[in-house]
Amino acid sequence: MKKGLIIALCLTIFMGTFAFANGAQEGGSDEVKIGFLVKMPEEPWFQNEWKFAQEAGEKYGFKVLEIGTPDGEKVLSAIDNIAAQGAQGFVICTPDVKLGPAIMAKANAAGLKVMSVDDRFVGADGSPMEEVPHMGISAYEIGKQVGYTMKEQMDARGWKQEDTGFMRISFNELPTAVDRTSGMTDALLEMGFDEAYIFESPEKTTDTEGGFNAASITITKNPQIKHWLIGGLNDEAAMGGTRACEGNGFAAEDICAVGIGGSGTATAEFAKSEVTGFYATALISPKRHGYETSEMVYKWITEGTKPAATTWTTAVMMDRTNYKEKLKENGLEE
1 MKKGLIIALC LTIFMGTFAF ANGAQEGGSD EVKIGFLVKM PEEPWFQNEW
51 KFAQEAGEKY GFKVLEIGTP DGEKVLSAID NIAAQGAQGF VICTPDVKLG
101 PAIMAKANAA GLKVMSVDDR FVGADGSPME EVPHMGISAY EIGKQVGYTM
151 KEQMDARGWK QEDTGFMRIS FNELPTAVDR TSGMTDALLE MGFDEAYIFE
201 SPEKTTDTEG GFNAASITIT KNPQIKHWLI GGLNDEAAMG GTRACEGNGF
251 AAEDICAVGI GGSGTATAEF AKSEVTGFYA TALISPKRHG YETSEMVYKW
301 ITEGTKPAAT TWTTAVMMDR TNYKEKLKEN GLEE
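To convert, note that position 108 of the sequence shown is 108 in my numbering; the numbers rise steadily by one, no gaps.
Hints are not guaranteed to be accurate.
[Stated by the list, open to error] If you anchor each label on the Cβ, the simulated ranges turn out as follows:
| hint | residue 1 | residue 2 | range |
| --- | --- | --- | --- |
| 1 | Ala156 | Ala110 | 25 to 31 Å |
| 2 | Met40 | Asn222 | 35 to 41 Å |
| 3 | Asn81 | Leu174 | 28 to 34 Å |
| 4 | Glu66 | Val275 | 23 to 29 Å |
| 5 | Glu43 | Glu162 | 29 to 35 Å |
| 6 | Pro101 | Glu190 | 20 to 26 Å |
| 7 | Thr205 | Val275 | 23 to 29 Å |
| 8 | Gly68 | Ala309 | 40 to 46 Å |
| 9 | Lys324 | Glu200 | 23 to 29 Å |
| 10 | Ala309 | Leu174 | 20 to 26 Å |
| 11 | Gln85 | Lys324 | 37 to 43 Å |
| 12 | Glu73 | Glu246 | 44 to 50 Å |
| 13 | Asp155 | Ala308 | 34 to 40 Å |
[Claimed, not checked] Simulated crosslink set (EDC-like; lysine to aspartate or glutamate; CA at most 16 Å straight-line):
| hint | residue 1 | residue 2 |
| --- | --- | --- |
| 14 | Lys306 | Glu130 |
| 15 | Lys98 | Asp125 |
| 16 | Lys74 | Asp96 |
| 17 | Lys160 | Glu195 |
| 18 | Lys328 | Glu303 |
| 19 | Lys39 | Glu58 |
| 20 | Lys221 | Glu253 |
| 21 | Lys221 | Glu190 |
| 22 | Lys98 | Glu66 |
| 23 | Lys272 | Asp207 |
| 24 | Lys33 | Asp71 |
| 25 | Lys299 | Asp96 |
| 26 | Lys33 | Glu333 |
| 27 | Lys160 | Glu200 |
| 28 | Lys287 | Asp319 |
| 29 | Lys59 | Asp96 |
| 30 | Lys326 | Glu303 |
Rather than coming from a laboratory, the hints here were simulated on the basis of the structure.
Glycine included, C-beta positions come from ideal geometry on N, C-alpha and C.
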């Protein structure tokens with residue numbers, strides 16, 4: 001009887017081992033788990049990244065582990081968490097780019113593959129950690145898209161240079177803001193805009209009120225300007241500039257404000273029955289950042305194909321004539 005029990009137990013272990021190995025060979029895609037760690041989980045941008053990561057997971061059959069990591073301690077704890085759950089890799093938007101070396105040390109110790117998104121890791125010397133695959137937004141190129149749009153509108157409206165100013169609503173404390181406004185400026189100059197008509201308008205806060213206050217000062221100082229091109233860090237900067245112009249008697253046809261973000265601030269303006277001076281926005285879509293990064297890490301895990309060192313995304317320009325269509329194309333509206 002004892003001998004029979006031993007034989008039965010051995011058989012059970014053998015069959016279990018065989019089933020596990022067979023399952024792994026046949027498509028362990030359902031065994032793949034990928035973490036997606038974001039610094040501000042309450043923000044719509046990151047919620048949408050998670051949404052699109054889940055879409056990739058549904059397509060390829062892997063599980064996405066969503067974790068909010070607003071500080072360094074939570075990042076390191078999350079890495080332990082996903083490793084304990086059997087994850088093979090993760091995508092992360094770190095709350096502090098200087099955490100890069102610590103994140104990689106922790107990930108390497110756990111055998112996890114890592115891809116950064118939105119914010120790129122920097123090493124101890126302050127240089128980008130190029131060994132870590134990264135998908136980021138090209139702030140400068142998006143700024144150029146905005147600049148080209150403004151200049152095209154200026155020409156289409158027949159505005160003369162001596163009557164037209166570019167209100168550059170700046171927030172130089174933030175590198176991304178500098179990159180965006182520099183791109184706008186360079187695009188305008190490239191298309192023949194006179195540098196003498198570029199007016200620096202520093203804002204103290206990055207909301208609509210900040211843009212409004214910065215613009216109001218510039219408008220007051222330059223009564224000779226009849227038409228305004230307006231751009232800054234985000235939709236709120238451009239909206240603040242629009243409202244300041246309206247408050248100073250400028251008609252919608254004399255304002256061309258172009259935002260960045262494709263936020264509710266912009267779409268609410270486009271939905272108004274009456275045309276305003278807020279002309280367009282550069283829609284930054286979270287779809288690629290959520291879907292494609294997860295897809296890349298999945299293929300890295302299952303096929304051994306490491307993602308490119310860097311992948312830079314730009315924006316989609318949208319205005320009141322096409323915003324519903326563009327939102328739908330980017331998975332942001334049903």
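Go through the numbered hints given earlier and state which of them the structure violates, listing their numbers in rising order. Per hint list: 1, 4, 5, 6, 8, 9, 18, 19, 20, 21, 22, 23, 24, 25, 26, 27, 28, 29, 30 violated.
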